[in-house]
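Undergrad: Here is what each chain is made of, one letter per residue.
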Amino acid sequence: MKDRYEHENLYWIPILIIFVFLLPVILKGVTFSYKYYLFVLNLAGIYIILNVGLDLLSGFTGLVSLGHAAFLAVGAYTSAIMVDQLGVPFSLSLIFSPIIVGIFGFIIGFPALRISGMYLGLTTMGFGFIVKRIIISFRDWTQGSAGLEVSSPVLFGYTIKSDWDNYYLIYTFVIIAIVIGRRIATSKIGRSFMAIRDSEQAAEASGINLSQYKMLAFFISGLFAGFAGVLFAHTSSFISTDHFDILLSIYFIIMVLVGGASSIYGAVLGSLFIVLLDNLFVPLIEDQIQLIFNTQAGDIQSLIFGLIMFLFIIFQPMGLYGMWLKMRIYWKLFPFNPRQRFT
Amino acid sequence: MTDIFSGISQEVISGIALGSIYALIALGFTMIYKATEVVNFAQGDLMMVGAYVNFYFVSTFLSNSGEPSAWTFIVALTCSIIFSVLFGFFLDFIINRPLKDQPIFSVIMATLSLAIIMRALVAMIAGPIALMPISPFGGGSITFGTIVISILDLFIIGSAITLVVIFYFIFHYTKWGIAMQATSEDPIAAQLMGIPIKKIYALVWIFSALVATISGVLLAPRIALLDTTMGFLGLKAFPAAVLGGFGSIPGAIVGGVILGVIETISLGTLSFHFEWIKEINDIIAWFVLIAVLMVKPDGLFGVEKVKKV
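Here the protein sequences come in this chain order: A and B.
No gaps in the numbering here: position 256 of the first sequence is 256 in the numbering used here, and each next residue is one more.
No gaps in the numbering here: position 140 of the second sequence is 140 in the numbering used here, and each next residue is one more.
Same shape as in the complex, but just chain B (with noise of 0.2 Å):
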């Protein structure tokens, strides 16, 4: 019985880091949301960007300078962010600016049509063979009576409650952030009552590049082995953002965690137990979401939208 408590624990820790990912995947898109009501496809591929160019970034130092050091990854961690900054305010010149008045068929297209793009070019520069992250804590892990965390994961899960606390702030107590909630309320109106929506849509954009990057900093060394398909994962954010209810900051963490957990109880115990779960434990996300369309579409924590005739 103890066996199968700590068998437990330990998954439902390992779920709430890989969880947090997911969190911090659906936060990038959901901000997008929040404030031009675009739905970012490309999120898990721009993640599967920033973790590529932080490899290339650290691979480029440790080649000049040889030993790795704490100094390695800042200093690699900063660049990729100055990366994505400027990735993100690029992003916005060619999506959001163009297709702000499109419907929503054609944004969905625009950025699905932008994921393939950029996976198929990271696939070209980088090469076909999937690289090796380094982890900048090593192996190391830490130990309480039978569970054992790895430092990498208690980083992730960290790093993920400080950045939704730090976007939950910024939007819900700022001059920026009231900014964007009123441009994604009315958008006209916003612009009437003084709001630059132009300066605030690039600064949503660039936001949600800045939390992919450190997402897919932070997951690179956790899956061994770096591939363009990482970006896949980025599609398994939006059953977590949509059980936590779409748009909303606290759901998108809420749902991301219970999502990881699900993935990786049914991934290791209830798999020992029951058969068929091994076949499913990889589209569980997929039930999970039409199950919650199905039963309550505005998920957890989400607001019910009046439909306008």
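Same shape as in the complex, but just chain A (with noise of 0.2 Å):
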């Protein structure tokens, strides 16, 4: 019997999660706006978690979601209604909302059924708007366009309320997304998301349920995006529409696609590069460019992640993990490499 990771180096997984949790003090230590670095790393953290069940949903299964802000607003929203409004307990919350937002996915998924491809990201990109719309005209529990103050969150009577323990409560969740997502994408379940990625008539004829099979891929994907929308609702104490805009779906796509489409590892180094460049490279450089151009806030942010991307497809489709990939056999084979190969 073949153990599933067998192939896969797993020494350096419990090391990872002691310098994930170290982290914030390691920070502390060199420099003193940790607190900044803790913020935009949490908000990297809730973006992987979405951007695991994006990556199963789009880079697996093969079914483009143009739409998943959406996903993450709903999610935002059940948690924030639920704790605030009608008095359930954050723990519980944290249960249901994923559950309530995968269910959304299995009814965004139904179209899934029967269109595929570029129809289906114009479909999940036209619920976005839908479900934009609708969660400003519910606005007795929304308060519409206006937004919505979060209460913190509370764990078993502790109230989390700083960046600092916030970042354990979602690192907390981002470890256990990552070994799920791993576990899923290794499994049965996994193997036939990618047979039906790589062709439906072939996986139909292995015996994949197809239908019963995408509808799993957007549950799935709905409850990575419910938990990531619970925790983005409760760490960030303000929620709005405009947080939940066409072009952050685009941008998850973006991550997805720039860290490496069909693995976990790539999904989740593509969150962190798009974040941490968004917040700490980007501010370094807008100064300068804003001396010679008269611009607004996210022109060149949108411009630099549009050229990331537009790179990364022509010359680089396998993303970061897959340049890895590459790297790690280049140097395994260091003074044999057949140079052609690399090329």
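Certain hints may be false.
[What the hints assert, rightly or not] With a Cα cut of at most 20 Å, we get these calculated SDA-like pairs of lysine to any residue:
| hint | chain 1 | residue 1 | chain 2 | residue 2 |
| --- | --- | --- | --- | --- |
| 1 | B | K198 | A | I314 |
| 2 | B | K100 | A | M318 |
| 3 | B | K296 | A | I115 |
| 4 | B | K100 | A | Q316 |
| 5 | B | K100 | A | P317 |
[What the hints assert, rightly or not] Label-pair distances were calculated between CB atoms; the ranges are:
| hint | chain 1 | residue 1 | chain 2 | residue 2 | range |
| --- | --- | --- | --- | --- | --- |
| 6 | B | G7 | A | Q288 | 51 to 57 Å |
| 7 | B | L86 | A | M327 | 38 to 44 Å |
| 8 | B | P250 | A | M327 | 51 to 57 Å |
| 9 | B | V295 | A | G144 | 30 to 36 Å |
| 10 | B | D186 | A | K332 | 41 to 47 Å |
| 11 | B | R222 | A | G207 | 53 to 59 Å |
| 12 | B | E67 | A | S145 | 40 to 46 Å |
| 13 | B | A189 | A | S145 | 52 to 58 Å |
| 14 | A | I103 | B | R222 | 40 to 46 Å |
Please keep in mind that the hints were generated in silico from the structure rather than gathered at the bench.
The beta carbon of each residue, even a glycine, is placed where N, CA and C say it ideally should be.
Take the two lone chains and join them into the complex the hints point to.
TA: Here is the structure:
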């Protein structure tokens, strides 16, 4: 009996987990503005959870979703309403909100049984617009486009307030999400997803129930997005429909593709790369560019994202994770590598 | 009763004008889709770039000559068209050639990222303030009984019909058009038959940039304030194209007009009688899209495609 992860080197994973949990302490020792870095890392963590789910849907199953911000929005608003207006404890909301988002994923996935490719992208994009509009029109619950204040999470009688505490809350879930994501990807379900992506006809001929697995992909993706939404709502303490723009959905897909579609680590790398770039690198050059051009806040950011995406698609379709794999093979074979293979 | 009737017919007219714009945008990406099977999500932003370039030329000429005359607008339009031809050629070079053998997902994302890049660049160069384009027809309008039609709307409808007829003719009756159809059917076989498919691809992108520029020039005075969110309007042309049947030129115009009329009527008369329509009029296009895809994915004029194993 072969083990699931036998071909992989797993020793570095505990070290990485310890590093993740020590990182705030290290940052505090190194810089004074560690709170800002923690805030950025928290955002990255939420996006990692969502993008693992998106990767399972778009990267593994090949069902393009251009409306994943809607999933995040449904999760965030469901949890905010449940906790603040219905008085459900946060720990219960953490369980039920993702399930509600997963069911919402079912509803969105329903048209996906008949359509695929570009049409599915359009449909999910349309759902993104529709969800945003519906959230605005339920004014009694969501306060429309004014936005909604959300209370801080309370777990086991302890109120989680600062970025420091949020970091530990979010990254606990990030690690769980990555482990579950890897687990799904290497299981029968994950292999069926990949079979559907590669050829629907062949998958169906080998006994994979297409509609069942497509719905399952949407459900799982909804679960992950629901977790991300709950964490997003309660750690950022204020949500409004402006957060869940169509551009955010596109950025999610950009994160997955830049990281490398159809690998869970790729989604993680891509989210970290894009969020860190957005919050740490862009502000550095923004002032310089603003001396030349009279720009608005988001323009340079979207220009850089667009350029990165474009260059990755043309020159490195496998993404960051693919680059890493190529490099690893290169160093393994180092003195004897055949030159043509890596050009 | 006559009140409601004249209100509705007024809205139908302006809906047809709006729908003609959708139809023109849809025509642009339908052509690309027909010839290369690439779906161009950047079509709306191409339109936005066209509108900005035209605005730039018009304001430059006005600052040189002073009084606006018909010639100012014609020369500006010609300059924008020349620009769009060059731009289309450039797009073919950077999008179509490197991505010819990539999966559809990558191509969608490439055109989307191109849309983001164009929007950001235009916003950076033109500045954050919305511009006020000048209509070449002033505020002129024609009155038929109780219905008032602005000359701009008439011109939009007229040029949409003209362009669609021209492109329908090119696609179905000229040598190059038939070559385009052959290329879309099977690029390799087309190449073996001696069709220069690289030239065909370049031509298609040039055509679609051209149509985008013309629709941008026509639309800019109609929306009164020109800013980069105009590119999002291009997304609404997708429901129009799907409604008419993706990849069909008559479908593009019929779908566009139907969608335009639905949108304007729901914004006008119906929203006075039903409160809830006011909430959903800006997403009605997407409801239409989902309904069409669930019920009849090939649209009104589409040809059913048989999947090959």
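Undergrad: Determine for every hint whether it applies to the structure shown.
TA: Taking the hints in turn, this is what the structure says about them:
Our distance criterion of 20 Å between C-alpha atoms is met by B/K198 and A/I314, whose separation comes to about 18 Å. A threshold of 20 Å between alpha carbons decides the hint, and for B/K100 with A/M318 the separation of about 17 Å falls inside it, so the pair holds. A C-alpha spacing of about 11 Å is found between B/K296 and A/I115, which places the hinted pair at or below 20 Å, so the restraint holds. For the hint linking B/K100 to A/Q316, the alpha-carbon distance of about 15 Å falls within 20 Å, and the restraint holds.
For the suggested pair B/K100 and A/P317, the alpha carbons sit about 13 Å apart, so the restraint of at most 20 Å is met. The hinted window of 51 to 57 Å between B/G7 and A/Q288 holds, with their beta carbons roughly 54 Å apart. For the hinted restraint 38 to 44 Å between B/L86 and A/M327, the CB-CB distance of approximately 39 Å keeps it satisfied. Between B/P250 and A/M327 the beta carbon distance is about 52 Å. The supplied range of 51 to 57 Å therefore holds.
For the pair B/V295 and A/G144, the beta carbons lie near 32 Å from each other, so the given range of 30 to 36 Å is met. Evaluation of the 41 to 47 Å hint for B/D186 and A/K332 yields a pass: the beta carbon distance comes to about 42 Å. Look at B/R222 against A/G207: about 56 Å separates their beta carbons, and that is inside 53 to 59 Å. For the hinted restraint 40 to 46 Å between B/E67 and A/S145, the CB-CB distance of approximately 44 Å keeps it satisfied.
About 53 Å separates the C-beta atoms of B/A189 and A/S145, a value consistent with the hinted range of 52 to 58 Å. One distance hint, 40 to 46 Å for the beta-carbon pair A/I103 and B/R222, holds here, with the actual separation near 42 Å.
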